[in-house]
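Chemist: Chains B and A, in that order, give the protein sequences. If you use the numbering used here, the first sequence corresponds to residues 1 to 255, in order. If you use the numbering used here, the second sequence corresponds to residues 256 to 459, in order.
In case anyone wonders, no lab produced these hints; they're calculated from the structure. Be a bit skeptical, because a hint or two may be false.
Some residues of chain A that are not near chain B, with every Cβ distance over 10 Å (derived) [to be verified]: (1) Glu261; (2) Gly268; (3) Arg287; (4) Glu289; (5) Ile299; (6) Arg313; (7) His315; (8) Leu319; (9) Arg405; (10) Asp409; (11) Arg440.
If the Cβ cut is set under 8 Å, some of the chain A residues that face chain B in the computed set are [stated by the list, open to error]: (12) Ala309; (13) Gly310; (14) Ala311; (15) Leu327; (16) Pro331; (17) Glu335; (18) Glu339; (19) Ala340; (20) Pro341; (21) Val342; (22) Ser343; (23) Glu346; (24) Leu347; (25) Met351.
Here are the in silico distance ranges between beta carbons for each label pair [said to hold, decoys possible]: (26) Arg372(A) <-> Phe117(B): 43 to 51 Å; (27) Leu366(A) <-> Phe166(B): 29 to 37 Å; (28) Ala286(A) <-> Ala248(B): 57 to 65 Å; (29) Asp2(B) <-> Arg333(A): 53 to 61 Å; (30) Asp435(A) <-> Leu155(B): 25 to 33 Å; (31) Val84(B) <-> Ala364(A): 40 to 48 Å; (32) Ala252(B) <-> Arg372(A): 17 to 25 Å; (33) Ala98(B) <-> Arg372(A): 49 to 57 Å; (34) Arg265(A) <-> Trp139(B): 34 to 42 Å; (35) Arg372(A) <-> Leu222(B): 29 to 37 Å; (36) Tyr116(B) <-> Arg361(A): 54 to 62 Å; (37) His72(B) <-> Cys325(A): 27 to 35 Å; (38) Ile121(B) <-> Leu321(A): 49 to 57 Å; (39) Leu321(A) <-> Ala252(B): 51 to 59 Å.
Please read all numbers here as calculations on a predicted model, not as lab measurements. C-beta: ideal position from N, C-alpha, C; glycine also.
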Amino acid sequence: MDQLFLIPFLAGLPLALLLPVLGNLARLRDEWLAALGIAHLAGAAGLAGLAWHLPAVLGAPLGALAGAGFKHALGGRGNSVFGVMILAGWAATLLIAANSSLGESLAHALVDGQLYFASTIDLAAAWLVGALGLATLSWLTPRLIRARLFPGHELANRLPAWRWHFGFDLLAALAIAVATATLGLMAAFALVFLPAWIAFRLAPDWRRAGRLAAGLGGAGYLLAFAIALALDQPFGPVLVTVLLAMLAASLAVRR
Amino acid sequence: MSGQPEGLLRLDGLVAGYRTPVTPACSLTLARGEVLGLAGANGIGKSTLLAAIAGAARIHAGTLWLRPGCRLRQLPQRPERPAEAPVSGRELLAVMDALALPPPSRLAALLDARVDRLSGGEYQVLCLWACLAGDADLVLLDEPTNNLDRGHVDLAIEEIGAERARRGCVVVSHDRAFLDAVSTRVIDLGEIGESGEAAWTSCS
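Only chain A is shown next, with the shape it has when bound in the complex (with noise of 0.2 Å):
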């Protein structure tokens, strides 16, 4: 063992997008342990740059490369839930493998509830725990604390800093503040240099 963290994911100037390019060049890496969190105004691409690494956008330029054989998880911004759905949380955990951690207690009394009986808050806290608490090695969140009150963002915090050694982590949010309290290391978009490189800012 050399102690260094296991890389997962590497970007070398990479552009993403869709049809024309959204992202600026960006370049940088993450290892496992880590908690990346991507701020920048609406519209710099922080979004298109996740579903880039989940295989949803088209690589423009650059390259783009994922540790091989690893597992992604990832939480948009509106997690799907179907109007009606008899599926309890203990369900929706079990079918993303995420019953081996203990959840959160605040989590665990949403837990026989059926999903499409919960706030959006509710389910909003139970997806996100169901992207961390599996076997996952990355984990792609965006924005993260859309439809949450302050109590369900500490909670988000909670869980996001739960076993964080277990994954590598990628958050997209407007929510500076929560970015700060989750991050190992923030990237702001919208101050990448020329050369790609992204300027961070330690976090913790």
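Extracted from the complex, chain B is given alone in its bound form (with noise of 0.2 Å):
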């Protein structure tokens, strides 16, 4: 692989293995639509840092972080809080596109995906994130499920359990929003979306659940770099159009 192609691969590459995991507790949750309102508030942070001379991936972290509080201190749950969330990020990105220097340009390239100018930032960034959730996600995850199959479990014992939810939504804001600003802001949300929904369809238990996600979001990440660079087209909508693939596949299979 040339040189120049060589950090935006394996910066992108964690993202792609992790944010698929995060996709099936996410999902589990019924929190999947929360990753859409998390990316457009880390979009909207990546622009506003642009224009103040921050790398997006050092701004977006902050609006994905402030949404994760936003969620938290609402209870969390729900499409309604989500929903805000989305409008809330898609009127401050087009707002400040429209009222900076960087123009509307930026901003799409925000959306749309920019991951061939990916610096050695967004490389720190993505595997800093990458071994932030392979540190947690194993005392994470048990304590999820548990959550979610037995709710009223954590209030009988007096469990601390504001550590592993709220912890959950700190770890996925920041995947999220480095994503966001490495592969952009629809990649990002194809990769929360679709191989969990592809791994809920068809994984016999939870185990074999987090690998085949995972292993659908590498997948669907290399045939996609390798398409989009072949027949140079934009990343961010080629990987979106490879997850879609596979999952029109997957609903074939099972019928």
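The task is to assemble the complex, starting from two chains supplied on their own in separate frames and drawing on the hints.
Modeler: Next comes the structure, spelled out in structure tokens:
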């Protein structure tokens, strides 16, 4: 691979493996729409950061973390909260673009995906968030599954449940923010949403659902990267198309 | 060792409810190894009493004492089950730390299936075992025979009786025959006296 594309490739890879696993947990919690809300807020904050000469990968997490805090403060659950986050992020993105020297081109770059412009900062942020996921998911996952299937357990045993609920929100927000700044808004959302959907249809248990989702995310990423390079296409839409094709194939297989 | 069973739960004149009181004043104790059946007409407050013990209902009067460090498990009337969840029965038991005891053979056959693909009755007995087979000191079961056919009721009776000495258990049910089969004593909340002391029937 050309050295020019190595850093972007390595920056996107850990995100393509981590986001689908987070997507499984978000889907189990009926919170997959939150990923789109967080991605919109991250996009807006990333753009605001660029206006202040900050790399998008540093600005985006601020918006995502604000979204996670907003969700947690409102009790977290429900599509209404996620709808507000999507609308607020969308409005802020376009208003910042219209009222700064960045213009709409940068806003489009953030929304469409700008993987090929990923820098070493993006690379470091992606691997850092990947390591954070690796370190915390084995602790978070059984607690989040238990909370979903036995919601009264935490209250009955006076457990400090906010640690794993808020911890997951923060991890997901950080990962989606870094992915939004690196891969683009819709590509980040697709990695959370589509592999988890397929895994939930096909996997016989949670362990294999995680492997399947991560495998689909990784394979989709590799394929999309190769297609986008070979055909000189924007990466974000190609990745979304590849993941949609995987979903269509899984629906056909299941029938 | 005194040989006395270890006290887990004590209610003294407890009145539980939500915005308003629901239950009559109730006094009772529960020790490890006991299975206390709670009977009574619909609306008398059986489930509310369990909710108060689990911290989910308000205490309007009286006191509730739980042994410090007491680990609780509770089976609600309708166990939560997502419409889609790629979680196997074995994984459900694992997240509840309930893999230490070997499950009854009929239940063992369900452990490799996804929980969202079990029947309502199969899921109910799986969740019941998840509450009973772990390290809980006190297990609260609210209408555990909901959704169950005769065969699954027999399985539920077998589960509640397994390793009974490890824990205390409070069972709410409108099925008196089931309560008599699983309980060491049964209290009818509709027959509580002025003092709050419950009249009880010894079962086994």
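Chemist: Now, for every hint given, state plainly whether the structure supports it.
Modeler: So, going through the hints one by one against the coordinates:
no.	hint	in the structure
1	Glu261	18 Å, holds
2	Gly268	22 Å, holds
3	Arg287	17 Å, holds
4	Glu289	19 Å, holds
5	Ile299	21 Å, holds
6	Arg313	13 Å, holds
7	His315	19 Å, holds
8	Leu319	13 Å, holds
9	Arg405	26 Å, holds
10	Asp409	24 Å, holds
11	Arg440	23 Å, holds
12	Ala309	4 Å, holds
13	Gly310	5 Å, holds
14	Ala311	6 Å, holds
15	Leu327	4 Å, holds
16	Pro331	6 Å, holds
17	Glu335	6 Å, holds
18	Glu339	5 Å, holds
19	Ala340	6 Å, holds
20	Pro341	4 Å, holds
21	Val342	5 Å, holds
22	Ser343	4 Å, holds
23	Glu346	5 Å, holds
24	Leu347	6 Å, holds
25	Met351	6 Å, holds
26	Arg372(A) <-> Phe117(B): 43 to 51 Å	45 Å, holds
27	Leu366(A) <-> Phe166(B): 29 to 37 Å	32 Å, holds
28	Ala286(A) <-> Ala248(B): 57 to 65 Å	60 Å, holds
29	Asp2(B) <-> Arg333(A): 53 to 61 Å	58 Å, holds
30	Asp435(A) <-> Leu155(B): 25 to 33 Å	31 Å, holds
31	Val84(B) <-> Ala364(A): 40 to 48 Å	46 Å, holds
32	Ala252(B) <-> Arg372(A): 17 to 25 Å	21 Å, holds
33	Ala98(B) <-> Arg372(A): 49 to 57 Å	51 Å, holds
34	Arg265(A) <-> Trp139(B): 34 to 42 Å	35 Å, holds
35	Arg372(A) <-> Leu222(B): 29 to 37 Å	32 Å, holds
36	Tyr116(B) <-> Arg361(A): 54 to 62 Å	58 Å, holds
37	His72(B) <-> Cys325(A): 27 to 35 Å	29 Å, holds
38	Ile121(B) <-> Leu321(A): 49 to 57 Å	52 Å, holds
39	Leu321(A) <-> Ala252(B): 51 to 59 Å	54 Å, holds
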